[in-house]
Amino acid sequence: MAAPLLAALFSLFLGAYGISPPQVLSALRDGLAGIDSPEASIILDIRLPRIALAGLAGMALATSGATLQAVLRNPLVDPFILGISSGAAFGCALTIGFAPFIPLQAAAFLGGGLAVLTACLIASTGDGGMSRLSLVLSGVIVSAFFSAMVSLIKFFVEPMKLQSIVFWLMGSFSLAEWSQARSAGVGILLGCLPVLLLRWRLNVISMGDEEAQTMGVNVSRKRLIFITAATLAATSAVAVSGIIGWAGLMVPHLVRMLAGPDHRRLIPLTMAGGATFMILADTAARNLTDFDIPVGIITAVAGAPFFVYLMKRNGKERWGR
Amino acid sequence: MIRVDDVSFRHRHTTDDVVKNASFSVANGRIAVLLGPNGSGKTTLFKCIAGLWKPCGGAILLDGTDTARLPFRERALLLAMVPQDHTPPFPYTALEAVLMGRAPHVGMYATPTSGDMEKASAAMETIGVGHLADRPYTRVSGGERQLILIARALAQESPILLLDEPTSHLDFRNQHKVLSMVRRVAEEKGLTVLMTLHDPNLAAHFAHQVVLLKEGRVIGEGPPEQVLTTENLERLYGIGIGVMSGAKRRLFYPTPS
Chain A
0 MAAPLLAALF
10 SLFLGAYGIS
20 PPQVLSALRD
30 GLAGIDSPEA
40 SIILDIRLPR
50 IALAGLAGMA
60 LATSGATLQA
70 VLRNPLVDPF
80 ILGISSGAAF
90 GCALTIGFAP
100 FIPLQAAAFL
110 GGGLAVLTAC
120 LIASTGDGGM
130 SRLSLVLSGV
140 IVSAFFSAMV
150 SLIKFFVEPM
160 KLQSIVFWLM
170 GSFSLAEWSQ
180 ARSAGVGILL
190 GCLPVLLLRW
200 RLNVISMGDE
210 EAQTMGVNVS
220 RKRLIFITAA
230 TLAATSAVAV
240 SGIIGWAGLM
250 VPHLVRMLAG
260 PDHRRLIPLT
270 MAGGATFMIL
280 ADTAARNLTD
290 FDIPVGIITA
300 VAGAPFFVYL
310 MKRNGKERWG
320 R
Chain B
0 MIRVDDVSFR
10 HRHTTDDVVK
20 NASFSVANGR
30 IAVLLGPNGS
40 GKTTLFKCIA
50 GLWKPCGGAI
60 LLDGTDTARL
70 PFRERALLLA
80 MVPQDHTPPF
90 PYTALEAVLM
100 GRAPHVGMYA
110 TPTSGDMEKA
120 SAAMETIGVG
130 HLADRPYTRV
140 SGGERQLILI
150 ARALAQESPI
160 LLLDEPTSHL
170 DFRNQHKVLS
180 MVRRVAEEKG
190 LTVLMTLHDP
200 NLAAHFAHQV
210 VLLKEGRVIG
220 EGPPEQVLTT
230 ENLERLYGIG
240 IGVMSGAKRR
250 LFYPTPS
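Protein chains in written order, with numbering that gives the first Met the number 0: chain A, 0 to 320; chain B, 0 to 256.
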């Protein structure tokens, strides 16, 4: 559970502007004492907010993925599959392009919420039921639709705005500021908290709707709570960092392989693991080359082979049928 | 006590009732078996009693409480169900699976306490699957899984136990093992049991009471020695049926028609 702090500390010492470890520590001390120095402002106003934001976003995406996997009883879903990320991206692109007065956070949540609601409506069978498979398929449809809408927006906006949309969509923490960490943090914590509190119910719900009902769980209400919370967390992250794939899918699986599927352990460990993963990925993004590579590229490059490995290793049984 | 009072059920957008005015009751501490061919409405009636589907007419009373408007949690305190086919997506350990039965006793924002853990372990010991506690629940045999699910229902501490075709995926030995366990536990804990079965011979041996369901109607109900006759079974399944009688048991078998 201390892994995110260790990763943050590690990340603090690395950066484009070479500062030796003793200097980092003295800069931290200076900054906390209110003394201004270039090192202190790099550490406190550039590196630290970026680390905080990466940690928060990683936690949000991973928690959201773990929650959706349990609620939908499908180890292959995450905020991206359900169309939440694309919906949020659509909301944000619309805002950046045409309505800059709407806060990005709100636009992302509305877009993501609209996407997941649409997916559920398409999948609904009419008698209040919803099949797992059709929900996933609807998510894919909705995701494709909103991606197309984002492309449409990109086609119509002015070149300057196009640039900022494209850059933001690539998924990056390079423009992180404390104000972003604060605004995203509220939504992310509000989304993660109910999941953390209700985490044991995820075990029961993952056994299937009818079984969970006979064990006294109001499945449709709980599912609404979980999906709303997962949406809020994921869209809050998307609003500040763009679309960063794989973390929501990969981290819960890694944790499950190490600590088992019980959500009492899985959810807290996924939160810590998601934060750690994203901080390290972002550290790599800004230190591997002279350029600040979008972290979404790093996670995808690491995530895709990992996922193939996971699929081959576990075979059919672990995935459930 | 389970009381099924004039229950009818029809699927949405259809005109035919799948269950037609079914009525019967199961007294406290008794084991009742619902027998009927495929498509007789057995599963439908079972789901209505479990509270998963809402009957279109009539009422289902559990220990005198009409279940029509009962919240899920309160229903779960009255009735536990052992499901039939079962493919969990994640490899929980057997103990984690049994612990889920404590759900109606665990507060909304809480996780199970050590008391809940003890009750789950005790339920596993009672059923004789304590040694499987740490095994991944997806990697035990079908018979063991059925016993683990019975332990889960036991951990729920509800007075009524529903089992949906508990023997359908089991071999000859495990069928008897599981049903013997159900009978033993029901006697020990004073549970009221209702289960669906496909084999009239198992029903004759393990049930106190048999309910025959054909085309959505109850066509016979009572103690197995009275209800399980060749005439009734021929009517129920629509094939010729013969019977062999030994000193203690009767054995039904299909005859060439």
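If you're looking for bench data, these hints aren't it; they were derived computationally from the structure.
Where hints are given, some of them may not hold.
Derived DSSO-like pairs: lysine-lysine, alpha-carbon spacing no greater than 30 Å straight-line [stated by the list, open to error]:
# : chain 1 : residue 1 : chain 2 : residue 2
1 : A       : 221       : B       : 176
2 : B       : 46        : B       : 213
3 : B       : 46        : A       : 221
Verification of the supplied hints:
no.: 1; hint: 221(A) <-> 176(B); result: 37 Å, violated
no.: 2; hint: 46(B) <-> 213(B); result: 17 Å, holds
no.: 3; hint: 46(B) <-> 221(A); result: 21 Å, holds
In this structure, only the earlier hint numbered 1 is contradicted, and the remaining ones agree with it.
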